[in-house]
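Student: From these two lone chains plus the hints, build me the complex, please.
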Amino acid sequence: MTVTTALPSFDEAIATYEPVMGMEVHVELGTATKMFCGCSTEFGGEPNSQVCPVCLGLPGSLPVVNRTAVESAIRIGLALNCSIAEWCRFARKNYFYPDMPKNFQTSQYDEPIAFDGWLDVTADGETYRIEIERAHMEEDTGKSLHVGGATGRIHGASHSLLDYNRSGIPLIEIVTKPIYVPREVAPAVAKAYVTELRELIRALGVSEARMELGQLRCDANVSLRLPGDPLGTRTETKNVNSLRSVERAVTHEIRRQAAVLSSGGTIIQETRHWHEDTGETTAGRVKEEAEDYRYFPEPDLVPMAPSREWVDGLRGTLPEPPAARRARLQADWGFTDLEMRDVVNAGAVALVAATVDAGASAGGAKKWWLGEVARVANERGVALEDAGISAADVARVEELIAAGSLNDKLARQVVEGVLAGEGTPDEVVAARGLVLVNDDAALGAAVDDAIAAQPDVAEKIRGGNLGAVGALIGAIMKTTKGQADAKRARELILERLQS
Amino acid sequence: MNSLTRARASELAAAVRDGEVSAVEVTQAHLDRIAAVDGTAEAGVHAFLHLDADGALAAAAAVDEKRAAGEELGLLAGVPLALKDVIVTSDMPTTVGSKLLEGWQPPYDATITRRLREAGIVILGKTNLDEFAMGSSTENSAYGVTRNPWDLTRIPGGSGGGSAAALAAFEAPLAIGTDTGGSIRQPAAVTGTVGVKPTYGGVSRYGLVACASSLDQAGPCARTVLDAALLHTVIAGHDPLDSTSIDQPVPDVVAAARRGAEGDLSGLRVGVVKELGGEGYQAGVEARFNDAVALLSKLGAEVVEVSCPHFKYGLPAYYLILPSEVSSNLARFDAMRYGLRVGDDGSRSAEEVMSLTRGQGFGAEAKRRIMLGTYALSSGYYDAYYGQAQKVRTLIARDFEAAFAQVDVLVSPTTPTTAFPIGEKVDDPLAMYMNDLCTIPSNLAGNASASFPAGLADEDGLPVGLHVMAPVMADDRLYLVGAAVEAAYAAQWGGTLLEQAPALEGIAP
Ligand SMILES: [Zn+2]
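Listed in order, the protein sequences are those of chains V and X. Numbered by our numbering, the letters in the first sequence go through residues 1 to 499 in order. Numbered by our numbering, the letters in the second sequence go through residues 1001 to 1509 in order.
Treat the hints as calculated values from the structure; they're not laboratory data. Since the structure is predicted, the reported quantities are computational estimates derived from the model, not experimental observations. Idealized CB from N, CA, C, for every residue including glycine.
Listed below are the simulated EDC-like cross-link pairs for lysine to aspartate or glutamate, each with C-alpha atoms no more than 20 Å apart in a straight line:
no., chain 1, residue 1, chain 2, residue 2
1, X, Lys1391, V, Asp110
2, X, Lys1274, X, Asp1408
3, V, Lys409, V, Asp426
4, X, Lys1274, X, Glu1286
5, X, Lys1391, V, Glu111
6, V, Lys143, V, Glu42
7, V, Lys367, V, Asp408
8, V, Lys143, X, Glu1351
9, X, Lys1298, X, Glu1286
10, V, Lys238, V, Glu291
11, V, Lys238, V, Asp219
12, V, Lys93, X, Asp1383
13, X, Lys1425, X, Glu1365
14, V, Lys93, X, Glu1351
15, V, Lys367, V, Asp332
Example chain X residues on the side facing chain V (calculated, C-beta under 7 Å, incomplete):
no., residue
16, Ala1110
17, Ser1328
18, Ala1331
19, Ser1378
This is chain X alone, in the form it adopts within the complex (with noise of 0.2 Å):
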């Protein structure tokens, strides 16, 4: 494997600056590492839905241009990045995972997407996920799998398992993701990688296909802290398009990043929460989730036990609000403007193409949603239901409210369990929906929160991830955590988690 692909975001950032290497060879050092391992939805990691590798190399040669021209760079400018299939490009298809959007060029960029362009970063291409961003597998993509880089027959997490994948297959340094009840955090923990889920409204929500609109949240993906927090501040701040976006100063994530790479977390208060671990957590997950405790009371936090009393309610009033809201923001794909139509042949009404459109086009879990939702919302219903599920996401919110009042942060496993093996929960939706039980309060809530390698758990070897959660606006707080403990990982494991995984060298066919 070439160094480059090895290489941090920052590393790779400042050679491109200093003209050690330039932005067209990181470029095409990752576009190699794709075509050696990434293969297809039968064998390889197949973290990519599509591939845009001239897209890529003219953005790399632009960069290139921009420093022969004596033009300041970005703090990321030439940094590779793959971008989750949920964010509009107006130069790339975007499937959202869906075979009722497949091949739709969208006709403009997001501002996260234009935001990356302005900062020079490069994009590769587009990610692959579970369709419209449910699942927490990416077996529900319409595409095929994604396989975990430490064991391809496991799962990569989801929704956003491809970006988590193609970090972990040294595919791209950077990648994005978007987070709607734990889709950058679980797939991060099962992977070993960063994964952060800004708070709401920190990161602008413009160009991105809305799964459940009140809960979905953009987030850098990376595979060191530093590198999460650079592209952090790239796509943060507020969007005069995006009326949840925040209109206030983005918290100086960078600086907190390094703070906490100097390894003091002194004055520091840490809360674990008591609802979140006993049973139905794997062994080894708490074992790791327990060192990371104890590892935070020697860089010299105050750890006390917290309690969340709502958290327990937080998985079913998700599945109520997440249906309800996807039950109308999927009702645009109707076959009339864009994306697939089916039956369309002159003898059916408007109505019926649109019903066979909508049949045939969403997956399993899309419609399973979109009836729940449906459900939830009728007339009769929406109090027990829609209204009943907003209530305690207020005393959820009050629950977070009270904890921040005591400590900094909250931590947990970011996941009950590693990953599972692809197959293993793809009939019980519910075992399925367990994964995120961790991740759900913060997207209920609103409030920041992370996931960080914290080992490998000792029954099977895959990685572990410790959630941090933060206050609203408080996003550097997950970062000082993250720094802090990935350094003193670091002089433990001698390196990031992932050097221990495999090297996956000759695997795509």
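The shape of chain V in the complex, shown without the other chains (with noise of 0.2 Å):
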């Protein structure tokens, strides 16, 4: 059944409403083993194929800390300018789940490794900053596969499949304070820090941070109030797994409560869905009180000290920070505010960079990567990283078109070569036979066939119509397919009729 009912407009919603954010991040991270134990992490293993005593939780194994997985965490909090506990310890966070083979998640509670900080983000030109309450360790759980059911929820199916490939893998959970800002801008706030975060865990190098493969997932808690009075009650939007779903999530979320709000209705806590192809949420869990996960110290492990030593290290290998990175590069790229905004809003800082370093100019990369690539990449739904383009791709064809040797409509069909998988940007030149013809004993003979086929055109061009030129140019890319070399064609066409 589905229930429609009128939303007030954005604008209608925060006329009245001022919402108050607080988000919740889990990094995947990109370890080579397990957060306790020696698995691979390696993404589409068969089924139970990356599993040993310690993630199944079979009777008797231990978890042993890896302490890669904590040297990340460490450089995460850094990152977000934390302090990093003198002493902290692991808890148990006790549930019934069968994708949880101990029924209890090993996580961090009450002692997280690093708390209070802050990290800085640009939404609409003004930079706010976010204040980060904790970043803490803790494992993920294995996947249920609910096989029968309609909706592949666990609701209607007939049996459910457990894959524990997942179980173990190390998460870092990295949770805002509430979230305070003009409320024009929240919606867009939200995805910026998203956006900052994914790009600052990227430059940490921890992890890929790849939101369609739920290495990055975001919880996004939502609350209005009436300007002056006390927090609102919240609900807590589950797995919004993109950024463009971040921000309509969150409008979505500030639209909903406003219309229960203004019709005198009450928020309930609670978990919602969020729903990418309708942009809505839908209730999921209710919490009628806080659930009990009697936590308590995880006493298979010893407490951990990290050294001020290993923390003062580690702060030496911290990248430069995404926002200095971006503000320098921009100024090497000689990008306007506006063109540096829309590289950062396609995600494609990374990309532009690689592609500038192999050799190509930075606005040919932009165009590329926010074009043709991003196109394809759109229709496929995929992210521009894994469209099937390289960096050095990129930069090869725009040295292609600087050495004259394709012009923008050949390079265009290069690029899209490439993208269907065809090779690289030489091999689909070779094999879709893409040279521009540039020579002029070849491009000569079809600028005399032009000529000699259009006369009325030739004599109004002797009497210095230069515009009548096109046309000329026009019936030479019809002969040549396009692969005429257009300038040069004009060179001629003029070197004969006006000598």
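Tutor: Printed below as a string of structure tokens:
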């Protein structure tokens, strides 16, 4: 049953209510092995092929902390300007679920490894400081696959399959303090925060942070209040797994809650599911009272006391902060603020930088990544980096253009070929025979044919009407199937008709 | 009875090394003895839940081959051992005394199991215990009781009643136990055997099915102090698979046992814990304990009385911490991946199957502790129960610290009473819990402790244990004291205490 209610517009909603947000982001670390055992973390293995007694929670097995994961957690904490705990512990979060083999999750509770930090983000040209409450370590659960139901959810399923390959993969959960920003930019700030965080995680090299693979998962908490009132009841929208969805989900939740409140209703504290297709959230589990996870310190692990020398050493490994890096790149590339924002919003900073490093012009790199590649990636619903073309490929196309062996039209065909999996730019050029005709002998013959075929046009040009040149070039392009170098053709026409 | 089954482990190993007897002959002698006395849950000692005669004989044959090939043999190579069924084995089922794990075949070996095999020790089988190692009588086993070889109508202690009874019945010269609140020491006391709980972290817990993770400690069980020390050396030492394992050299317990056997304790300061005695302690137990203290003086030790004022809070603190950890550790038994599954007929949800399985699979004591622990960890109660108990734990550790600033070891009776009749306390959990009054403080503080035979109580003729407590990583002091006492008593009794135990010939049906 679908109940359609007319929601107020975003502007109407925020005319009355002030939104307050809180973001919880889970990042799957890119360590080679799991959080507490030596199993591989590789994505896409046969179900239950990357498991051992520890990550299956078999009786008698014990966890051992992955030092690289702790190192990544500390580096994330430092990059988020957090304090790093001098002493902290893991805790057990107890609840029953079949995809959790021990029926408790080894996590951190009141003693996170990193706490009290901040991250500056820019939305609509303004910078906002997002306060970070904590970043803590935990292990991922396995995956349940519900079979036989219509929706893939457990409801209506005939049976379920369990895959524990993901069980025990290290996660870092980053939790913000309540985010208070001017109401009109709230959704944009939410998106900017996740974008910036993703950029930071990638710059740290601790995860590829690919949202479409679940390597970065976002839960958005939203509540509304009248100005001056205490915080309202919040909802938690789960699994908002693209940057665009973050902004849409927050916008939708603000509008939905405004509709409920302005009709005299109350917001229920609950988990909500985000639906990418409809752009709506639906009610999930109701949290009547705080779930009792019976946290207690994990007795199978000793407390961690990261030495200050270690922490300081890790501080020295931090990359240039993304904001500073962007400012530097923008200056190097000579982009306007608007151009740079387009690149950032497209998540293409690293790709453009790599393309420039491979020898392309910044403008050229931007044109391809935000143009043809973005169009194809969008059509296929994949990330830019998965569209099938590398930074080196794009740089090569630019090089061929600069050398005069491709024109824009041909270059587009080359990129299209690479994206279609036909090979490298040079292979596509060879296979499709996409060579610009610019040698005077071949081009000269086409020019002569065109002049002979259209004597009246030729006459106009002789009479000084240069606007008529285009008609001859069009004919030349037709006979050369678009492979003529238009600039040289023009020169040859003028040579013949004006000397 | 074959003399091979009465021999000490160290003697058997030497005989195998010297070629006087083969490891296969030694193993066969013990299998024969087991056939004669172990019986079933209905009659006999019933120390074993699972016997692996073929595996044991094969392991023994491998030792004989190694010897024939001229390879060097370990100090206990070829000696049979009884393994408590809480330690996982890749070639034998591991039930932990529970219906929930009936027939479960672990896919891996515990670190202890691996070290035993590498040392050439022959694992005969798996011994009975209270379900999930929770109990003081082995009556909580889902597979029936184990009987005390001194009196088959009495309990052998618990949870490691099977391992202790196997030693006392001469079914094996060595055994492995685990001790969460006294499960090695109390069975040792009531069966007249030696049981050592090493320092927490001294022996790897990897592959020990957890009862309460912060309290569980595996250790050696034997009929003599030197045998226990030799076994201690095999199983102890750092294990990278157990984060709580101590990365320090193992104390030289064998040297300490040899030195102790010389009978000179001069210079040793011994503290008698004032709070562990008096009301509730059986007269015969107190008498044997007082004899032992007098003996220590006679051997040259300086004996003083020491107060540990917080020990009296040990039992209540223990019964909050233990159930809390149990409630979490036992959550994994949910019928999803292994073990018992009840009600999976296609009509029920996973949650219903979990619930039915746990309802039917766990015994009463396990359920009692899961409920207690779930409650103690609940939000709103955590500080009052679990939090408060952890504070008591710190206070008890400080009592030990203060005491060990004055003395080298502490002593007390191991248990307030001798072995009680089977069935006597099954309906009175609080009376049952009192068995562990003296042993619990060392689990809470993590220090080393042991029980050594101290004679028979006058009123019932049953064994009494001398409990010795040493500081963290000073396990060697236990062996020093134990061996000195053992040597003095052997002179007095004309042998070990167990030589006075019934022969049990022909009791198995
Ligand atoms: Zn694993």
